[in-house]
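Undergrad: Spelled out from the first residue to the last, the chains are:
Protein chains: 2
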Amino acid sequence: MAQKPKLLHSHIIASSRLFTVESMDLEFSNGEQRTYERLVPGGAGAVMMVAINAHQEVMLIKEYGAGIEDYTVTLPKGAVDLGESLSEAANRELKEEIGFGAREITHLKQMSLSPSYMKSGIDVMVALDLYPEQLEGDEPEPLEVLTWPLADIESLVCRTDFTEGRAIAALFMARDWYLKQAI
Amino acid sequence: MAQKPKLLHSHIIASSRLFTVESMDLEFSNGEQRTYERLVPGGAGAVMMVAINAHQEVMLIKEYGAGIEDYTVTLPKGAVDLGESLSEAANRELKEEIGFGAREITHLKQMSLSPSYMKSGIDVMVALDLYPEQLEGDEPEPLEVLTWPLADIESLVCRTDFTEGRAIAALFMARDWYLKQAI
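Top line first, the protein sequences correspond to chains A and B.
In this text, residue positions in the first sequence follow full-length UniProt numbering: the first is 1, and each later residue adds one.
In this text, residue positions in the second sequence follow full-length UniProt numbering: the first is 1, and each later residue adds one.
One thing to keep in mind: the hints can contain errors.
The list makes no distinction among identical chains, and a pair is therefore deemed to hold if it is satisfied within one copy or across any two copies.
Said to hold, decoys possible - Below 35 Å or equal to it, Euclidean Cα-Cα: the simulated DSBU-like pairs (lysine-lysine) are:
#1 Lys6 - Lys62
#2 Lys180 - Lys6
#3 Lys119 - Lys4
#4 Lys95 - Lys4
Because the hints were derived from the structure by calculation, they are not lab data.
Note that the coordinates shown come from a computational prediction; the quantities given were computed from them, not determined experimentally.
This is chain A alone, in the form it adopts within the complex:
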């Protein structure tokens, strides 16, 4: 594997309330120079939760996605607040989004969103041993909460309103992990 490219220069070229674009001049080990652009996130990271109830069903939310201008079914997720651990963030977001906390939270994998263009990562957490507890979230309207049998995520993935790549990845990883735990 080649040596990592040298970062010759970088600076912020555009920003808004949510997005910051950085330009990076890179020199590869073969001498080739290129200018890249990437999104750099603010904040302390993000978590996505596969919460599994006692009936071996996954907890899903249906919410409006402004990016795709449509309602979409996906996994609960959210930003990690400063000073929070990943497990604390996962538990808080679960209480806000599906009205349950979890007594057992396991870190599965840190995923990247788009390694070429975005610095952002998201940590996938499996949440088990759920108990009802609701925290106030900041959603503009109540989220619809759905459940889906973990054993049948293939049919969930076929739904045209279930499209988020990260959520599909998290579900498959969590299913494999869960089945191994059960053995």
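Starting from the structure of chain A, add chain B where the hints point.
TA: Structure of chain B alone, referenced to chain A:
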């Protein structure tokens, strides 16, 4: 399910060579008003390919990801050129990135990247019946091509240099699809 929010107003608030940020004022059906920001992509879409060779191995690439400032293993992917079909784009990108074309290309799923904040989608294509053909790409350095047994993607997903959520999702979906075809 609630009626979709009304888009009261939208405009471009930041842009660079690669990124365009749009601000959207939305009114939800309960009267709640919010301002969202999303990334709107240029171009004609993108494809991600699960190319499977005669040994039932998946073709992977190792490339530098400027977003995460590190080398990463992932699936071949790329932008659809104007006027190209998804299959044509998939075949061209395979020739550029792994040095193979495919006689059989099947569309599996359109995925979203981040439904809340990005309009972008990517189409997952399974490519079979591969034949060697190299096209010149625009990479700054040659990509390293790897193969991995389709039957063992769990161990690939455990690698810390294999992190892209969309690629993990595409691999699991393609494996399930392939196993069903084989029956």
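Undergrad: Indicate, hint by hint, whether the structure satisfies it.
TA: Evaluation of the provided hints:
1. With identical chains, the CA atoms of Lys6 and Lys62 are at most 35 Å apart between copies only, with a shortest distance of 18 Å across copies and 43 Å within one.
2. Within a single copy, Lys180 and Lys6 get their C-alpha atoms no closer than 42 Å, and across copies no closer than 46 Å, so neither meets the 35 Å cut-off.
3. When the C-alpha separation of Lys119 and Lys4 is checked against a cutoff of 35 Å, the pair qualifies both within a copy, at 16 Å, and between copies, at 31 Å.
4. Taking CA atoms no more than 35 Å apart as the test, Lys95 paired with Lys4 passes between copies only; the shortest distance there is 25 Å, against 42 Å inside one copy.
In summary, the one numbered hint that this structure violates is 2.
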